[in-house]
Amino acid sequence: QQQVKQSPQSLIVQKGGISIINCAYENTAFDYFPWYQQFPGKGPALLIAIRPDVSEKKEGRFTISFNKSAKQFSLHIMDSQPGDSATYFCAASARPGGGADGLTFGKGTHLIIQP
Amino acid sequence: DSGVTQTPKHLITATGQRVTLRCSPRSGDLSVYWYQQSLDQGLQFLIQYYNGEERAKGNILERFSAQQFPDLHSELNLSSLELGDSALYFCASSEQTGTRGLLSPLHFGNGTRLTVT
Chain S
8 QQQVKQSPQS LIVQKGGISI INCAYENTAF DYFPWYQQFP GKGPALLIAI RPDVSEKKEG
68 RFTISFNKSA KQFSLHIMDS QPGDSATYFC AASARPGGGA DGLTFGKGTH LIIQP
Chain X
8 DSGVTQTPKH LITATGQRVT LRCSPRSGDL SVYWYQQSLD QGLQFLIQYY NGEERAKGNI
68 LERFSAQQFP DLHSELNLSS LELGDSALYF CASSEQTGTR GLLSPLHFGN GTRLTVT
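Residue numbers (our numbering), protein chains in the order written: chain S, 8 to 122; chain X, 8 to 124.
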């Protein structure tokens, strides 16, 4: 049973456009929702994270929108650049400490930004 | 650079064999996590150790085992290897304070690519 569903599997966006990746979860005990970015040959790296007590978090061109009632959250990349081309993973954690123990990852979105 | 070191980078072995993957966490990080990444399953959490003790278990097969040593490095042992075990194996570390409200981001190494032939 996949606990975090991510879509789309792949996404092509023109340079300067907005990239949107969506995730949905089932476990209402999840209380920590990070996004990771992975370049080829590298491990995933934390991009941005949100707790369910806020509906939006913005860091530079990256924004997480969170809808607790719908159990959905999404990543928006504004003014997308070719350097943003990577695989993006959403994740969720239900550990009591709100930390990163046993993160459950989505299956990833392969994002390509065309120049 | 995440500060997490994984060796070897690549490993090719035959079915039925046993291999050991090694991970050195970031300086100061007490928690080590192992993940398996395959094309169809994505990133699957295998196991977590905190300061030498097993803390959480995920989808880890009985043929797989891990341990964390006093110097905090960790090893993942994979035995009776099957073709389906071919994947990228990632180690990650975190501070893991365990205090509610504090977030401990995972810092991933660059992985070990295992190919079972």
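Among the hints, a few may not be true.
[What the hints assert, rightly or not] Facing chain X, from chain S, some residues (calculated, C-beta under 7 Å):
id, residue
1, P47
2, P59
3, P122
[Unchecked claim] Have a look at the derived ranges for each label pair, beta carbon to beta carbon:
id, chain 1, residue 1, chain 2, residue 2, range
4, S, K65, X, G35, 43 to 53 Å
5, S, P59, X, S72, 40 to 50 Å
6, X, G91, S, G23, 20 to 30 Å
7, S, S72, X, I19, 25 to 35 Å
8, X, A21, S, M85, 29 to 39 Å
9, S, A52, X, S72, 19 to 29 Å
10, X, G10, S, G90, 16 to 26 Å
Hints in this document: simulated from the structure, not taken from any laboratory.
On a predicted model such as this, the values are computed, not experimentally measured, just so you know.
Even glycine gets a Cβ: it sits at the ideal position worked out from N, Cα and C.
Hints versus structure:
no. : hint                      : in the structure
1   : P47                       : 11 Å, violated
2   : P59                       : 13 Å, violated
3   : P122                      : 27 Å, violated
4   : K65/S x G35/X: 43 to 53 Å : 29 Å, violated
5   : P59/S x S72/X: 40 to 50 Å : 35 Å, violated
6   : G91/X x G23/S: 20 to 30 Å : 42 Å, violated
7   : S72/S x I19/X: 25 to 35 Å : 43 Å, violated
8   : A21/X x M85/S: 29 to 39 Å : 49 Å, violated
9   : A52/S x S72/X: 19 to 29 Å : 28 Å, holds
10  : G10/X x G90/S: 16 to 26 Å : 22 Å, holds
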